[in-house]
Amino acid sequence: MYYMGVDVGSVSTDIALIDEEYKLVEKIYLRTKGNPIKAVQEGFKILKNKYEDSEIYAAGTTGSGRMIAAAIIGADVAKNEITTHATAALEIDKDVKTIIEIGGQDSKIIIINNGIVNDFAMNTVCAAGTGSFLDRQAERLEIPIEEFGNYAMKAKSTVRIAGRCAVFAESDMIHKQQLGYNYAEIIRGLCDALVRNYLNNIGKGKTILPKVLFQGGVAANIGMKKAFENELGFEIFVPENFSMMGAIGAAIIANERVKKTGKTNFRGLKLADNNIFSRSFDCEGCPNKCEVVKIYENNNIIGYFGDRCTKWSSKTAEKSKLA
Amino acid sequence: MKATFPHMGNIYIAVKALFDGLGIDYIIPPQNSTEALNIGTKYSPEEICLPFKIMIGNYIQAIEQGADTIILTGSCGPCRFGEYCELQMNLMKSLGYDLNFIVLDMPKDIGINELLKRFKKIGSTSTKSKLEKFKAAKNAIQIMHLIDEIEALSHYLAGYERNKGECKRLLQECKKEAMKLSNPNEMLSLIKEYKKRIEYVSVDINKDPVKIALIGEIYTVIEPYSNFYIEDKLMDYGVSSKRGMTPTWWLKNMALSPVKLNSLNIKKSSREYLSMEIGGHARECIGEAILSYKEGFDGAIQIFPLGCMPEIVSKSILPSISRDYEFPIMSLVVDDMTGEAGYITRVEAFIDLLERRRDNVLYGS
Chain X
612 MYYMGVDVGS
622 VSTDIALIDE
632 EYKLVEKIYL
642 RTKGNPIKAV
652 QEGFKILKNK
662 YEDSEIYAAG
672 TTGSGRMIAA
682 AIIGADVAKN
692 EITTHATAAL
702 EIDKDVKTII
712 EIGGQDSKII
722 IINNGIVNDF
732 AMNTVCAAGT
742 GSFLDRQAER
752 LEIPIEEFGN
762 YAMKAKSTVR
772 IAGRCAVFAE
782 SDMIHKQQLG
792 YNYAEIIRGL
802 CDALVRNYLN
812 NIGKGKTILP
822 KVLFQGGVAA
832 NIGMKKAFEN
842 ELGFEIFVPE
852 NFSMMGAIGA
862 AIIANERVKK
872 TGKTNFRGLK
882 LADNNIFSRS
892 FDCEGCPNKC
902 EVVKIYENNN
912 IIGYFGDRCT
922 KWSSKTAEKS
932 KLA
Chain R
6 MKATFPHMGN
16 IYIAVKALFD
26 GLGIDYIIPP
36 QNSTEALNIG
46 TKYSPEEICL
56 PFKIMIGNYI
66 QAIEQGADTI
76 ILTGSCGPCR
86 FGEYCELQMN
96 LMKSLGYDLN
106 FIVLDMPKDI
116 GINELLKRFK
126 KIGSTSTKSK
136 LEKFKAAKNA
146 IQIMHLIDEI
156 EALSHYLAGY
166 ERNKGECKRL
176 LQECKKEAMK
186 LSNPNEMLSL
196 IKEYKKRIEY
206 VSVDINKDPV
216 KIALIGEIYT
226 VIEPYSNFYI
236 EDKLMDYGVS
246 SKRGMTPTWW
256 LKNMALSPVK
266 LNSLNIKKSS
276 REYLSMEIGG
286 HARECIGEAI
296 LSYKEGFDGA
306 IQIFPLGCMP
316 EIVSKSILPS
326 ISRDYEFPIM
336 SLVVDDMTGE
346 AGYITRVEAF
356 IDLLERRRDN
366 VLYGS
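Those sequence lines, one after another, are chains X and R.
Here the numbering used here is used: the first residue of the first sequence is 612, the next is one more, and so on.
Here the numbering used here is used: the first residue of the second sequence is 6, the next is one more, and so on.
Worth flagging that the hints you see were computed from the coordinates, not collected in a lab.
Every residue, glycine too, gets a C-beta built ideally from N, C-alpha and C.
Among these hints, one or two may not hold up.
[Stated by the list, open to error] Calculated from the model, a selection of chain X residues having no Cβ within reach of chain R, i.e. all distances over 10 Å:
# : residue
1 : Asp730
2 : Asp783
3 : Ala795
4 : Gly879
5 : Val903
6 : Arg919
[As the list claims (entries may be wrong)] Under the rule of at most 25 Å between Cα atoms (straight-line distance), these lysine-lysine pairs were calculated in the BS3-like manner:
#  : chain 1 : residue 1 : chain 2 : residue 2
7  : R       : Lys299    : R       : Lys272
8  : R       : Lys200    : R       : Lys216
9  : X       : Lys817    : R       : Lys299
10 : R       : Lys180    : X       : Lys900
11 : X       : Lys926    : R       : Lys238
12 : R       : Lys173    : X       : Lys922
[Said to hold, decoys possible] With the C-beta cut set under 7 Å, the calculated list includes, among others, these residues of chain R facing chain X:
#  : residue
13 : Pro35
14 : Gln36
15 : Tyr234
16 : Ser262
17 : Pro263
18 : Val338
19 : Ala346
20 : Thr350
21 : Arg351
22 : Glu353
23 : Ala354
24 : Asp357
25 : Leu358
26 : Arg361
One chain only, chain R, in its complex shape (with noise of 0.2 Å):
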């Protein structure tokens, strides 16, 4: 078995000590390009939403390097990424590709037992042993906190920092250097010793940066590919953020939902929105527009890719939370666009309203 996945954010360095650790073969497909999305949008239906259209990049370019099991994550919910691996399995079939598709989908869905098996189908290539495999799990949720951690610090201290730069090039050479790592141990003191580094960055306590929060689709939100680069911008432009959906919250997320006593902040936070669940995160979106706010946040920034159901949803319960908390928010939507001018048009122009908002000035610098 030569194992691969769809690319999301930096799932990957996670992924990647997992599988050093359990001494499966796989492969990581090529960081997501321009290219992935051109492949992707040739086989894929067109008017499926983006996510769906990258994954099948990611797909077919692990595989051209040789990987012939595809691992997800799926879900049965009632948006459409709940079909993306019965039309991915299908798709790729029709393609001729002869594929193992493992999908790991929440337990409520399928149940705990099955769950387990679809694990241990993954697990069965491996020849180390229980302890050696439960420890390869742990070091590799680790790995993904951590980095999540130093992603979430690093955003939020640009906006803060004395040095220009320093924590998105900190952040970066993290990620690469870890990547370079085939033992999950060393990997993970690597990114320790970064995470002290980032949080030991010269800082201007003084300074009052523009705060934005950004909320909306999972997938679109965590990589960077689809959104422009959003994150990196904002850091250029000296402003902190943050963003609430992580590998790391899903996860969370997903093993507290059996229990309903997954994201019990987000759920209080939206009850007077929205207040059941319609799929996809559009209650996390809500929620997490009223928590940005509440945490002084200036402003939010909603992405999701066009068509997306529960972001529909949400971005028109977005006007009523601006008007009743006097609070910013603007929507982005994406797509298959890689013309990145009038996106950064957009941003600009958010983080000059929210600055001239607060300064209460017309020209501002």
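This is chain X alone, in the form it adopts within the complex (with noise of 0.2 Å):
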């Protein structure tokens, strides 16, 4: 029996499914590249040949495409990353007080006193300090975002590049490129310039104390994890599968809805076959103006969105609390 959990993000659609004792057994990571329909489906593709639907206990979504997500599949729950990236945290280890997680459009960091969630802040309206910012980088330098952080260990020195503006933040290293230091050095002071930014930022008037996890897709990169080291003087932890936290925190937290519901919404693996898509349209009921979208599925309706007045989203017939 296993557990699923769906977490589609900006840049990365990620589906976990874990064990009864929570262990991870399967882990697919996909690019979302804007379409989660699509980047959902391949993803069920790939496990429907391995797996059967009756094996899938409960099914949990989340990333900033959870609704969406859950409705596709049909999940038990749609939960906000947060909570979801502190539940796995917390199944690997009890005593962890400090989250740090950087994923492509948002950073979090969130504090945890007891084993509860005690304080979280997240960036607001600009994306400096996440991880759009190193990829944008990279992909300037020509260098894979994957080899980031090993071109950071190796520079003997930093160079300090401003943080604030991901945009400036270009310029200032174009300045610095001009002026001749490497790449290493400067891939590393983009490193310290994120931390920074981060810390100032994400993290203002929050007290970090160790054990500190750092998870999310730029915890891949080792050069960031060594800058938060030095910044903060004290080693942090990169969990096994920190680019999964989200999608098994949502599988954990599926399961424990479906023990108290007694069954399952799961729709099964066999949507990877079917022609899902979607198409919206301006509501014109009142001056709102919502912009809805509707899901379609072989072109029956599964489901409406971004309605304010749940004039639409009330129509669907299986509509279960999902937060």
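Assembling the complex is the task here: the two chains are given apart, and the hints tell you how they should meet.
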């Protein structure tokens, strides 16, 4: 029996299957590429050859695309990323005090006290301090993002790069390049800038106590781990499945929910073959003019989103409380 | 004269009653929407705060319907709002609109006589008698007060209601029905009627909902479009919420400020952390954070537009309050982004946090 977690993020879509001991048995990492429906379907295509529907006892979604993913797969819960990340982190280590999570568009700090989330913060209106900051610069330097960390580790010294704004960091970086600094030093400078920005912005006013877990896609970057350690003055830990933590947390919470309700809403892996697509329209019912999204499966409407008054979304038959 | 005014929450209902009572021609701008924001963003200075942009959208949409006079409240205060009226006058003029601006500033800034003169300017196109004018103003103030009470009541009772969604439905229905009436007296009795109905909503007093206070910059806290309809969402989640900033509070605060008797409880509570007026409503934000803790709220959400100077100060004070009182406070910064997912994530996570802190469980339901 397995529990499934689907984390539809801005950059990647991760699908995790965990067993009854909450051990990860399957992980699928896909690029979302702006099409969450397709990403989920692709993931299911891989899964359906290996697993039977009856083996999946519960399914949960998380990430910014959690609502759409929940409608497609028939999730038992659609939970926010803070809760899923904290759940997964506490599952591997009960002593964790701080979680640093840096994803594509979001970065978060989660403070845990006595095993519960006590405080959290996320970046506000700007992507500086998130993964896309690094992604963007990696692209410009034409270095694969996977290699970024190793470059940083090669640097003997660092270059100061302004980290407040991802756009201006780039001009700062170009100027430093023109002065003759090498790639390694500049990349290390970028990691330092991101860490500085993170601690100054997201971590502002928060006390970061060990043990610290570093998760999310950016945790793959060893240069970032090192930069955090230099700044904080103690070791931080990257869990084995750092990029899957959200999906794992969603799977755990889904199991807890199904334990209570007794049955899953999961619609099965076969939906990989169905024709699922979305259409949007402007509702003219009132001056709010909500942009409503309709999700179709083989020409049957399976869900609506985006209407404030729930005029449309209440039409969908199975409208179970997901959040 | 065809008067118009910028939106801010429910204020349009009271203003409608006022103009109907005075017999003045007016245009209510279309409800705030992405369209208003788009127009505003196109013409406003790039770095100005969000309320300014939405207001410009309101003006232009109202002008398209024939408005020629804009009535707005002002302040000579030390935040950007103090510059709104001057900037907006210049901006509208440079766009080629020939408009009358009537700015209602605080009496302490322009003197009571000047304020009365400006009121007179609005009233001069009315053919009503003095008594009728007085009655119209009285009705409008009473309507504003009642609508604020109805909002507060339904936001609070939403956490206790037995029939999910009843408070929200009644509140929306009340506003919709009120707007159909052009006789202020009829509107007043309709609103009174709705207040009773909301007071008698079936509640379960044994429920112990999460209670959240909304604090921060006045416009973005009050105007639902700017804060992604956060109060509606909290009602949907079954959370009880409260906000101290209301048009009624604003009016009372303004009226009492010359004699320094305004918002005494807020001043007193905020003293330890922020002892002086720094513009905007920073002091109120701090004071309300502490007051809501003392009133037994589980947490507070601070909302402000990107670049709001006073609220940046309070944002940096709030963590100390959070620590000293063990009272979770989350800050939400709003700008011209209309993607809601990020905000919903934060609000949901905050509610989770409050629930779990209270029940001391990790997973919850």
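These are the hints, each one checked on the structure:
A Cβ of chain R approaches the Cβ of X:Asp730 within 10 Å, the least distance being about 6 Å, so the stated non-interface status is violated. With a least CB separation of 21 Å from chain R, X:Asp783 remains clear of the 10 Å interface cut-off, as annotated. The claim that X:Ala795 lies off the interface holds: its Cβ sits roughly 34 Å from the closest Cβ of chain R, which is beyond the 10 Å cut-off. Non-interface call for X:Gly879 relative to chain R: holds, since the shortest CB-CB distance, roughly 25 Å, exceeds 10 Å.
Taking the minimum C-beta to C-beta distance to chain R, about 13 Å, the non-interface status of X:Val903 holds against the 10 Å cut. A Cβ of chain R approaches the Cβ of X:Arg919 within 10 Å, the least distance being about 6 Å, so the stated non-interface status is violated. A distance of roughly 15 Å separates the Cα atoms of R:Lys299 and R:Lys272; the hinted pair therefore holds under the 25 Å criterion. For the proposed pair R:Lys200 and R:Lys216, the alpha carbon gap of about 22 Å is at most 25 Å, so the pair holds.
A distance of roughly 23 Å separates the Cα atoms of X:Lys817 and R:Lys299; the hinted pair therefore holds under the 25 Å criterion. The suggested pairing of R:Lys180 with X:Lys900 holds, with an alpha-carbon distance near 18 Å, which does not exceed 25 Å. Restraint check: the Cα-Cα separation between X:Lys926 and R:Lys238 comes to about 19 Å, which is no more than 25 Å; the hinted pair holds. Our distance criterion of 25 Å between C-alpha atoms is met by R:Lys173 and X:Lys922, whose separation comes to about 14 Å.
Because the beta carbon of R:Pro35 sits about 5 Å from the nearest beta carbon in chain X, less than 7 Å, this interface hint is met. This hint holds: R:Gln36 has a C-beta 4 Å from the nearest C-beta of chain X, less than the 7 Å allowed. The interface hint given for R:Tyr234 holds, since its Cβ lies 6 Å from the closest Cβ of chain X, which is under the 7 Å cut-off. For R:Ser262, the shortest C-beta to C-beta distance to chain X is roughly 31 Å, which exceeds 7 Å, and the interface hint is violated.
Using the Cβ-Cβ criterion of 7 Å, the hint placing R:Pro263 at the interface with chain X is not satisfied: the shortest such distance is roughly 36 Å. For R:Val338, the interface hint holds, since its Cβ comes within 7 Å of a Cβ in chain X; the closest pair sits about 4 Å apart. Taking 7 Å as the C-beta contact cut-off toward chain X, the hint placing R:Ala346 at the interface holds, the least distance being around 4 Å. Given hint, R:Thr350 at the interface with chain X, holds; its Cβ is 5 Å from that chain's nearest Cβ, closer than 7 Å.
Restraint check, R:Arg351 versus chain X: the minimum CB separation of about 6 Å is within 7 Å; hint holds. For R:Glu353, the suggested interface contact is upheld, since its CB lies about 4 Å from the closest CB of chain X, less than 7 Å. Here the hint on R:Ala354 is kept, as its CB sits about 4 Å from the closest CB of chain X, short of 7 Å. A least Cβ separation of about 5 Å between R:Asp357 and chain X falls short of the 7 Å threshold, and the interface hint therefore holds.
Taken as an interface hint, R:Leu358 checks out: its beta carbon lies about 5 Å from the nearest beta carbon of chain X, inside 7 Å. With a least beta-carbon distance of about 5 Å to chain X, the hint placing R:Arg361 at the interface is held under the 7 Å criterion.
In the structure shown, a violation is registered for the earlier hints numbered 1, 6, 16, 17, in ascending order.
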